[in-house]
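All chains should be modelled from the sequences, with the hints used to inform the complete structure.
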Amino acid sequence: MKFGVVRFPGSCDEVDALRACRRFGDAELLWHADRDLRQVDAVVVPGGFSYGDYLRPGAIARFSPLMEAVAEFARDGGPVLGICNGFQVLCEAHLLPGALLPNTGLRFLFRQVEVVVENSRTPFTRACARADLLSIPVKHTTGRYYAPDEELDRMEEAGQVVLRYAPGENPNGSVRDVAGITNAAGNVMGLMPHPEHAVDPLRGPTGGAAIFSSLASSVPVAA
Amino acid sequence: MKARVLIRPKEGILDPQGQTVERALPALGFEGAAHVRIGRLVELEVDDPSQLPAMCEKLLANPLIEDYEVQLLEGERGNGSDPAR
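From first to last, the protein sequence lines are chains A and B.
So the first sequence is numbered by the working numbering: it starts at 1 and just counts up by one.
So the second sequence is numbered by the working numbering: it starts at 1001 and just counts up by one.
Don't read these hints as lab results, they were simulated from the structure.
Bear in mind that the values here come from a model prediction, so they are computed numbers and not experimental data.
Mixed in with the good hints there might be a few duds.
Said to hold, decoys possible - Derived pair list, reagent style DSSO-like, types lysine-lysine, alpha-carbon separation capped at 30 Å:
#1 A:2 with A:139
#2 B:1058 with B:1010
#3 B:1010 with A:139
#4 B:1058 with A:139
#5 B:1058 with B:1002
As the list claims (entries may be wrong) - Anything over 10 Å on all C-beta distances counts as not near chain B; from chain A, calculated:
#6 12
#7 15
#8 23
#9 29
#10 32
#11 56
#12 59
#13 92
#14 105
#15 110
#16 126
#17 131
#18 156
#19 204
#20 219
All residues carry an ideal CB built from backbone N, CA and C; glycine is no exception.
Here it is, written out as structure tokens:
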């Protein structure tokens, strides 16, 4: 299977994401100004500061030519994973519900966190068991997830809250400790922690590997 | 036409920037300031002001978390005088 990793002007985690994907499949970079997804089987929208994060993080990137193709890919059921700034882009593009607000502490955060797998029946967590703890770093200033209460009730009931910060670990004030969610169809996921920085035992915990291996095993092998 | 768009965090959305400023004011001797909220101001010139609400909905604001208010500054030349509401 082949991953496509989006590169916007201002992306900074696309190379780590590319390397993480290559541990589990083929992967190549996709340029923001192209419209061609090069027949990838899954799309990763990586972290960074797309288009300088001007206006609001993700607000400009969502209108890039490539994102139009990504939106179409997602509507057709293709798996799309947004990490950090990628999560912000997918929310702004309305491919995911809710929005990311500045951290309650207002500061840039950079630390290792534990997240709990709330739903292991998604293409992004199928290599995990429910209640598994994953150790993954976060690094962001605008990571406070918000959605209205009614929407959150509905999402929890539908299993769309996939990852939660472990008790006492919520670094940014996210509502109900939400760390990662999917859309209603379950084929688009966003999360603030960076699984691409947690796949190599040489560099610490490998809590992120399960996300990429899940995704790789979710895509049917082409006949 | 010159226009001004005021963008505010929606009521009920925690505004840590506003809270921080609110706490800083008494420390500087300014008592009695409350409910500080911090938003964003966009000034622009538009040929067709009827497009402003759509611009706000699509790009300038995120309607899930922000309210916006459009002010048209008819006849003003951008000299910093008070806006005509």
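These are the hints, each one checked on the structure:
no., hint, verdict
1, A:2 with A:139, "holds, 27 Å"
2, B:1058 with B:1010, "holds, 17 Å"
3, B:1010 with A:139, "holds, 26 Å"
4, B:1058 with A:139, "holds, 28 Å"
5, B:1058 with B:1002, "holds, 20 Å"
6, 12, "holds, 23 Å"
7, 15, "holds, 29 Å"
8, 23, "holds, 35 Å"
9, 29, "holds, 27 Å"
10, 32, "holds, 17 Å"
11, 56, "violated, 6 Å"
12, 59, "violated, 6 Å"
13, 92, "violated, 7 Å"
14, 105, "violated, 7 Å"
15, 110, "holds, 18 Å"
16, 126, "holds, 30 Å"
17, 131, "holds, 29 Å"
18, 156, "holds, 18 Å"
19, 204, "holds, 30 Å"
20, 219, "holds, 31 Å"
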